[in-house]
Each structure stands twice: as structure tokens, then as C-alpha cells.
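*Asks:* Whole structure, please, built from the sequences with the hints as guidance.
Just so you know, the protein sequences line up as chains F and A, in that order. For the first sequence, our numbering begins at 1 and goes up steadily by one. For the second sequence, our numbering begins at 1 and goes up steadily by one.
Pairs count within a copy or across copies, as identical chains cannot be separated in the list.
Below, computed lysine-lysine pairings styled on DSS-like, alpha-carbon distance capped at 30 Å: (1) 305 - 480; (2) 325 - 260; (3) 260 - 460; (4) 450 - 246; (5) 208 - 55; (6) 460 - 122; (7) 260 - 333; (8) 394 - 450; (9) 420 - 212; (10) 353 - 208; (11) 260 - 353; (12) 129 - 305; (13) 161 - 394; (14) 212 - 246; (15) 304 - 460; (16) 420 - 161; (17) 305 - 460; (18) 420 - 480; (19) 413 - 394; (20) 450 - 260; (21) 460 - 129; (22) 460 - 450.
Because the hints were derived from the structure by calculation, they are not lab data.
Protein chains: 2
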Amino acid sequence: MDNELKRSNRRQRINIERDKLKIEVVDMRDLKISIIGAGSAIFSLRLVGDLCRTKDLSNSLVSLMDIDSERLDAVYALATRYARLLGSGLRFEKTADLRKSIEGADFVINTALVGGHAEQAKMRAIGEKHGYYRGIDAQEFNMVSDYFTLTNTGQFNYFLKIAHTIEELVPNAYFLLASNPVFEGTNLISRASGVKVVGFCHGHEGVKDIFKVLDMNEKDVDWQVAGFNHNIWLTRFRYRGADGYKFLDSWIERESENWKPEDPFDVQLSPGVIDMYRFYGKIPIGDAARNGSWKYNYNDEVKKKWYGEPWGGADSSEGWAWYQKRLARSTAKTEEMARDENYDLLKEFPPEKMSGEQHIPFIDAIVNNNGVRLVLNIRNSGPEGDLIIPSFPKEVIIEVPVWVDSSGIKPEKIDPAIPKRIVNMYLTPRWMRMEWAIEAYLSRDISILKEFLYRDPRTKSEEQVEGVIRDIALSNPAFKEHYSL
Amino acid sequence: MDNELKRSNRRQRINIERDKLKIEVVDMRDLKISIIGAGSAIFSLRLVGDLCRTKDLSNSLVSLMDIDSERLDAVYALATRYARLLGSGLRFEKTADLRKSIEGADFVINTALVGGHAEQAKMRAIGEKHGYYRGIDAQEFNMVSDYFTLTNTGQFNYFLKIAHTIEELVPNAYFLLASNPVFEGTNLISRASGVKVVGFCHGHEGVKDIFKVLDMNEKDVDWQVAGFNHNIWLTRFRYRGADGYKFLDSWIERESENWKPEDPFDVQLSPGVIDMYRFYGKIPIGDAARNGSWKYNYNDEVKKKWYGEPWGGADSSEGWAWYQKRLARSTAKTEEMARDENYDLLKEFPPEKMSGEQHIPFIDAIVNNNGVRLVLNIRNSGPEGDLIIPSFPKEVIIEVPVWVDSSGIKPEKIDPAIPKRIVNMYLTPRWMRMEWAIEAYLSRDISILKEFLYRDPRTKSEEQVEGVIRDIALSNPAFKEHYSL
Chain F
1 MDNELKRSNR RQRINIERDK LKIEVVDMRD LKISIIGAGS AIFSLRLVGD
51 LCRTKDLSNS LVSLMDIDSE RLDAVYALAT RYARLLGSGL RFEKTADLRK
101 SIEGADFVIN TALVGGHAEQ AKMRAIGEKH GYYRGIDAQE FNMVSDYFTL
151 TNTGQFNYFL KIAHTIEELV PNAYFLLASN PVFEGTNLIS RASGVKVVGF
201 CHGHEGVKDI FKVLDMNEKD VDWQVAGFNH NIWLTRFRYR GADGYKFLDS
251 WIERESENWK PEDPFDVQLS PGVIDMYRFY GKIPIGDAAR NGSWKYNYND
301 EVKKKWYGEP WGGADSSEGW AWYQKRLARS TAKTEEMARD ENYDLLKEFP
351 PEKMSGEQHI PFIDAIVNNN GVRLVLNIRN SGPEGDLIIP SFPKEVIIEV
401 PVWVDSSGIK PEKIDPAIPK RIVNMYLTPR WMRMEWAIEA YLSRDISILK
451 EFLYRDPRTK SEEQVEGVIR DIALSNPAFK EHYSL
Chain A
1 MDNELKRSNR RQRINIERDK LKIEVVDMRD LKISIIGAGS AIFSLRLVGD
51 LCRTKDLSNS LVSLMDIDSE RLDAVYALAT RYARLLGSGL RFEKTADLRK
101 SIEGADFVIN TALVGGHAEQ AKMRAIGEKH GYYRGIDAQE FNMVSDYFTL
151 TNTGQFNYFL KIAHTIEELV PNAYFLLASN PVFEGTNLIS RASGVKVVGF
201 CHGHEGVKDI FKVLDMNEKD VDWQVAGFNH NIWLTRFRYR GADGYKFLDS
251 WIERESENWK PEDPFDVQLS PGVIDMYRFY GKIPIGDAAR NGSWKYNYND
301 EVKKKWYGEP WGGADSSEGW AWYQKRLARS TAKTEEMARD ENYDLLKEFP
351 PEKMSGEQHI PFIDAIVNNN GVRLVLNIRN SGPEGDLIIP SFPKEVIIEV
401 PVWVDSSGIK PEKIDPAIPK RIVNMYLTPR WMRMEWAIEA YLSRDISILK
451 EFLYRDPRTK SEEQVEGVIR DIALSNPAFK EHYSL
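*Replies:* This is the structure in C-alpha cells:
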């Protein structure tokens with residue numbers, strides 16, 4: 001009994017600093033998880049559900065933070081009701097105050113999108129007015145329509161605000177970055193602050209689409225993905241000891257031409273991705289499947305050819321409109337669920353299985369030593385300071401499979417290595433674009449963003465570059481102020 | 001007397017293999033220098049003049065090799081006459097046979113341009129027909145109009161033919177690559193063969209334009225350039241202990257707007273180069289001054305704005321036409337000089353001073369230990385196997401100042417380092433384009449060249465890429481055969 005009590009009420013607090021590991025045993029009731037941007041109901045409830053289902057974390061305090069008080073109230077009501085339904089001991093607080101939410105937190109999860117999709121739509125429209133189809137943030141190898149890296153000054157500001165608040169109040173807390181752009185964001189935070197930042201994305205789940213289509217049981221597959229966030233490749237693919245790509249090849253031969261997408265996001269086995277596979281020798285996974293070069297993305301018609309009718313993938317005009325409608329429906333539903341005390345939450349969020357998000361398993365592994373394999377965004381630095389991906393410097397954040405437990409994050413050895421063609425023709429150009437975006441932001445030098453646009457195939461003249469930057473500054477105060485325009 | 005005889009008739013033959021140094025003393029009369037593509041009269045006579053002026057090399061045998069027998073005969077006649085006029089003991093042979101010229105050579109200098117400018121003009125015209133202004137070989141950071149890296153299959157074939165012939169017949173000979181593209185060429189040769197290849201270019205002489213304009217005596221300047229061939233930057237610039245860039249800044253303030261080019265090649269201090277200096281913080285030197293991004297190169301009008309009226313630099317339609325006319329005049333003059341036994345060669349090629357080309361001083365340093373500072377293209381590997389430019393792998397060929405003597409080529413420590421912005425926004429993208437071009441050639445995979453074009457701002461569609469590749473294959477047999485089109 002006494003032992004049982006100990007197990008449930010005490011936990012280890014792990015403090016990993018640059019080169020040392022400290023383990024303290026503290027009361028489990030102390031565990032505080034802060035969710036920034038918690039007004040995103042679906043995401044928050046997935047995390048809350050996972051927490052309820054994770055026995056060793058079920059007494060934690062969850063701090064829901066959002067500046068939209070209506071949405072925050074709705075999520076708070078839903079979360080408490082859902083936890084009660086599941087018989088969980090989770091406790092909640094809600095706040096619009098970032099500092100208050102971070103105060104005392106062990107883990108800070110950021111899912112906020114500053115300005116929301118509406119702001120991004122505005123930036124996109126200005127870009128299109130100046131001849132930049134899908135906006136200036138849509139870039140080669142970064143076509144995902146809410147992965148903004150150039151006009152998203154407010155988002156970068158907020159990333160650093162959270163990081164600096166963590167540094168000040170809870171320097172040993174983990175910063176779990178779940179909001180985009182995860183690649184630019186984790187690199188920015190890691191260079192501009194000393195916090196322990198880890199990037200989260202579920203994009204690697206795209207491997208399951210492949211296993212399903214090939215009728216493979218995941219437990220029979222030995223797989224690795226490697227690259228950058230939204231730019232990962234299936235570098236290892238063994239099925240029951242055989243080369244998994246042979247099965248993919250024969251599927252392509254038999255079935256590829258009959259392929260049809262079920263929704264705009266169903267592009268993992270689209271003709272564009274098969275074309276990339278043929279060229280690069282490996283298949284891009286998850287969001288990487290959406291991130292080809294302009295060849296697949298010149299316009300909506302070209303997108304339809306490569307990502308399937310009728311949408312042309314999620315990042316065409318029609319595909320993105322489809323997604324925005326779905327988001328609006330989901331927001332309306334959240335409001336309805338929050339209003340209606342008798343709404344069947346258990347039907348909406350089935351209690352049995354984990355959501356598939358990695359955040360709570362990560363926390364459980366760190367806190368309770370429940371070891372787990374995840375795919376995370378971490379510095380390119382192996383256990384002995386060696387490079388995990390040899391082609392990039394150690395400070396660059398890469399996305400790779402890792403083993404997490406209370407001793408920390410242990411990256412797997414990437415074997416086989418990422419093919420040279422992927423390194424030279426895909427990852428290095430993408431890495432450079434990250435460097436340019438971060439350097440522009442950190443130096444506040446607008447000439448870097450202009451030079452970025454001079455390298456953009458949609459740019460035809462100096463006037464076009466000056467014009468689009470001027471109009472963006474006019475309707476984006478954070479951008480205007482940051483670059484002193 | 002005996003000693004004097006020894007000194008003039010004997011020399012050391014230096015054989016540097018990967019990790020060992022062998023020195024044999026051999027008869028100086030054995031020294032053989034092969035000039036491939038010797039039909040280029042001006043270049044050949046500059047080398048011959050330098051040899052005549054270099055006492056310790058004046059008994060060498062010069063093998064003039066060219067497949068154009070008329071031009072070869074003319075150069076042979078001129079060279080022997082010129083050497084006689086200078087009272088030199090140089091001996092000459094002429095041949096159209098590559099093997100014969102390389103047989104027994106200690107130094108092989110390649111200056112041949114396979115197909116000549118006419119072939120390049122044909123490729124350029126096909127590109128322009130398909131919407132590629134200045135042809136598909138004109139690329140960001142590589143706008144020099146005879147620096148072909150994509151359609152120049154014949155040139156690459158010839159580079160490797162020479163390299164493999166050297167490997168077979170005279171494996172210890174130095175291969176001095178003087179013909180373009182030196183960056184792609186030296187990297188290709190160094191990866192596909194075991195010969196000792198060194199790249200030569202006089203582009204760094206652009207520093208002298210700057211010293212002249214700033215009224216600086218070169219001996220008072222402490223300078224370094226670093227980068228890749230045609231992509232070098234003035235990374236160190238100290239004048240009498242002060243920061244040389246301060247003088248440049250005040251020249252720009254006072255004089256920049258009155259600047260006018262004297263000819264299309266006079267672009268070292270053009271507005272485009274000053275703009276690059278403002279952005280990158282250092283000034284690009286020599287041919288690098290011609291190699292900006294598309295911002296400076298969209299079309300002839302844009303080029304005029306940045307490189308000056310009336311030509312818009314050497315790489316506009318008008319500037320290049322000017323250069324072709326000059327080349328034609330020079331060819332006509334060579335023929336005239338060769339025909340007319342009484343032509344005053346000494347007036348045309350004044351005997352007093354060295355040509356400024358680096359080849360003969362290099363040979364003299366290696367053979368006779370007459371140490372000299374040069375700017376050469378060598379592997380990025382320092383004396384202790386350390387990286388000379390830390391941002392690039394050791395196998396990449398870089399252009400840096402070196403000290404050469406009979407113990408070999410000793411690169412200077414690059415200090416200060418190349419600024420990060422130049423590495424990330426200029427050199428790394430240029431490096432990648434070299435890798436893509438070489439990988440396309442070595443793998444014979446046309447899809448790499450197509451992907452290259454998909455990343456080209458002038459490409460608007462898949463059809464355009466397919467069309468230009470098809471038409472190039474139709475009129476370029478070496479290209480067609482190499483890529484099995």
C-alpha cells in the first residue's frame with residue numbers, strides 16, 4: 001500500500017543541463033504541464049485524453065492558456081468534463097497570462113498560431129496580388145499552406161517570448177514546440193535562447209499510409225525516417241527481413257495508376273510523390289510528400305496532375321478551402337459541445353486509444369521512465385557529440401527517430417545514411433532557406449528577405465519584390481515594426 | 001663553372017603522391033610542358049613569353065597540341081620565332097595527337113574549349129528560343145557567358161580524356177586546368193581520376209582594379225581572396241595597417257555615381273558589385289563581380305542598370321557580341337603575324353614583363369624552388385588535413401591564396417574567415433549547383449539536369465524543360481550520346 005502510494009504520488013524530476021544529469025524525487029502532484037494556445041480544442045482534448053489514459057501522469061496540473069477567452073472557456077469546460085468522465089484525477093487551470101501559465105511548469109507545449117489562419121490568408125492574398133501564387137511563404141520544399149517562414153514575424157516573436165519566459169521562470173522545463181514552422185522555430189529558439197526545445201510533428205505517421213496500402217503489419221516493419229521537419233524521408237524500410245521498397249515498387253507497377261485521393265491530405269501515394277521517389281530513390285513521408293519543388297506546384301492545374309483530382313492536394317486553392325471549411329465546422333462543433341452539457345464526449349473522443357500525438361508519451365517517458373520510440377526534432381548532435389546526420393552542422397535541428405526515457409533523448413543511428421542526392425538536391429537547399437529566414441529575423445535586415453525573393457522563381461523584377469514587401473508591411477504591424485519599414 | 005653547368009642543366013623532379021614526397025634529380029633538358037588547345041595564340045604566346053623570361057625553365061621542351069592544324073601551325077611558327085627573338089633555348093614540338101603531347105610531360109596545361117565559342121552560341125540560342133535568356137548554362141552565381149556547366153558534355157569528356165591519359169602515361173605530372181568551367185572541371189577531374197589537378201584563373205587580379213581606383217600601392221596592401229573559382233571574395237583587405245574597406249567606402253560615397261565602364265569587362269566597381277558589397281559585407285572579385293543573382297541579370301536592360309551603359313557588362317547580348325568581335329580581330333591578327341615573317345612580335349608581346357598568368361611561375365616554383373604566392377584552385381584540405389574553408393567538405397575544390405615551392409602547394413590560413421552570409425547565401429548555393437552538374441554528368445542521369453531546370457527561375461512548365469532538353473540533344477551529339485537521349 002505504502003509502495004503503491006509512493007509510486008502514484010512521487011515522481012522523478014529530471015533536469016538535464018548541457019552536460020550533466022540531475023535527478024530529484026519530487027511529489028507527482030507538482031507536475032505541471034502548460035498548454036499555450038489551448039483554445040485549439042481538438043488538439044487540447046487529444047492531449048487531455050492522452051493524459052487521462054497515462055496512469056502515471058493522471059494527477060498532473062494542466063494549465064490551459066489562450067488569449068481568446070471564449071475559446072479558452074469552452075476548452076476548459078470540455079477538458080474538465082472529459083477528465084471527469086474518464087475518472088481521471090487531472091486538475092486544470094485556465095489563464096490568458098503567459099507568465100502565469102509557465103510559472104512552475106515542467107513542460108510547456110506551444111500550439112499557438114499567432115494571428116491564426118485569417119492573418120495567413122491575408123498575407124497569401126497580398127502575395128498573390130504581386131504574382132506569388134500561394135503567397136511568398138510558399139517556397140520550394142515548403143509548400144504547406146500554414147507553414148509560414150517569412151511574413152510570420154508575430155509567430156517568431158511569440159516563440160521567443162515563450163522561450164525567454166521559460167528561461168526566466170522555469171529554466172529546466174522542456175519547451176515542446178508543436179506549432180509551425182517547427183523547423184525554423186526550433187532552430188530559432190535553440191540559437192536565441194538556452195531552453196531545452198524539442199520539436200513535435202506527427203508527419204512521420206505517413207509511414208502508416210504506406211504500410212496499410214502494402215498490407216504490412218507495422219510490427220513486421222523495420223523503418224527509419226530522417227531529415228528536417230516536413231522534409232523527412234523513409235531511409236530505412238525492411239519488411240520481414242526483405243527490402244520493403246520492392247513491395248512498394250510492385251504496388252506502383254500494379255496499382256499506381258488507379259490511385260485516387262480520399263481527401264486533399266491523402267497524397268502519400270500520389271503521382272507527385274511517386275515521381276519524387278523515382279528521382280530521389282527514397283519516398284518522402286508525411287508533410288514532406290506535400291513539399292516538392294515547383295515542378296509539382298506551379299499552379300492549381302499542375303497540382304491536380306501530381307496530387308490528384310479534384311483538389312490537387314491540400315495546398316492548392318481548392319484543397320486549402322476544403323481544409324478551412326473543415327476547421328470552421330470543427331470550431332462550431334467545439335462550441336456546441338461546450339454549450340451542451342449532455343453532449344456525448346466519449347463518442348466524440350473515444351477513451352480507449354491514445355491520440356497518436358507524441359507529447360504525452362514524451363512527458364511520460366521523461367518523468368516516469370516509461371521508455372518510448374518517438375520521432376522528434378532535436379539538435380544534430382549524437383550521444384558522443386558526433387553528428388547524427390553527417391552532412392549538417394551540429395546546431396541544426398533535425399527530425400529523426402529517438403528513444404526517450406528518464407535519462408533523456410537518445411537518437412538512433414541513422415542507417416543506412418540519407419542518400420547523397422537527397423542531401424544535395426533537397427535537404428541542403430531547404431536547410432539554406434531556414435538559415436536565410438532565421439538570419440533575416442535575427443538581424444532584422446529586410447534585404448535578406450528581399451534577396452530570398454530574388455531567388456524565387458516567381459520573381460520577375462526588382463519592382464515586384466519592393467512592391468510585395470511594401471504591401472505586407474502595410475498590413476502586418478509586427479513585420480513592419482521588426483524590420484523598421 | 002661545373003656548378004653553373006649543374007644548375008642550368010639539372011633540376012629536381014618532384015613527385016608528390018597522396019602522402020609521400022619523392023625528389024629525384026634529373027636533367028633539366030627533360031622538362032616537358034604540354035599545352036593542350038595551344039591554337040589559342042594569345043594565351044600560348046603569353047606562356048611562351050613567360051617561359052623565355054624564366055631563366056631556370058628556358059631549356060624546356062614545349063609541346064603545342066591542337067586539333068586545328070592551321071591554328072597550330074600559326075602558333076608554332078609564332079612561338080619559335082618569338083623564342084628566337086628573345087634568345088631563349090626553348091624547344092618546341094607540335095602535334096594533333098593528345099597522347100603524343102602528354103607522353104613524357106611533367107606539366108600538362110589544358111586551355112582547350114571543345115567546340116569553341118560557336119558551339120556555345122548554338123546552345124545559348126536554343127536556350128533563348130525556349131525562354132532561357134542567355135541560355136540554360138547561365139545560372140545564378142554563374143553568369144559568365146563561356147562558363148558552361150550543363151550542355152558542355154564534350155568539354156567534360158575531354159577533361160577526363162586528358163586526365164585518364166595523364167594517369168596512364170605520366171601519373172606524376174601536374175594537370176593545370178586553365179579552361180572553363182574551372183570549378184566544375186577541377187572537381188570532376190579530382191573525383192573521377194587520381195591526377196594532381198590544379199585550377200588556374202586570373203580572376204583574382206580584379207583586386208588590382210580596386211587598389212588602382214583607391215590609389216593604393218599593392219605592396220602596402222595585405223589581402224586575401226577566398227571562395228570558389230569565379231566566386232571569390234576579398235575577405236582580407238588591410239592597407240598600411242588600416243581597414244582597406246574604409247577607403248572603399250569613402251570612394252563609393254564620393255565617386256560611385258560618376259563611375260563609367262571602359263569596356264564590358266570593366267565591372268569591378270559597377271553599381272551591381274557595390275550593391276553586392278553592401279549586402280554581403282565584402283566585395284566579390286574578378287569574375288565573381290559578374291556572378292550575382294538574377295536580380296542583376298533578368299535581362300539586358302537590368303544588366304545595363306547594374307553593370308553600366310552602354311553594354312550592361314560582358315554577359316549581356318551587346319557585351320558578349322563586343323567580346324566576340326574582339327576575339328575575331330585577335331584571331332585575324334594571329335594569322336597575319338604568322339604569315340608575315342617581319343611582323344614586329346616584340347612590339348606586340350613586350351619581352352620585359354611577365355604576362356600575369358600564373359602557370360609558368362607555378363612550374364618554376366615546383367621545379368626550381370623559386371617560391372611564389374599564387375591564387376589557385378585546390379582541394380579544401382590544409383597541411384594537417386584540416387579544412388581550409390570550414391564550411392565545405394575537404395574534397396571540394398576551393399580558390400585561395402597559396403605559397404608554392406618545391407615542397408608543394410601550401411594554402412594560407414584564411415583569416416578572417418569568410419562571413420556566414422557569403423557562405424550561406426552565395427557559396428553554398430553555388431557549391432550545390434556544382435554538385436548537381438557533376439552528379440548529372442557522372443551518373444548520366446538526364447533527370448538531374450531536368451530537376452536543375454525546375455529550380456531555374458526562367459522555367460514555367462514541365463513542357464519547357466522537356467522542350468529545351470530535346471532541342472539541345474538534337475544539335476549536341478556528345479550530350480545526346482552521354483545521356484542516351
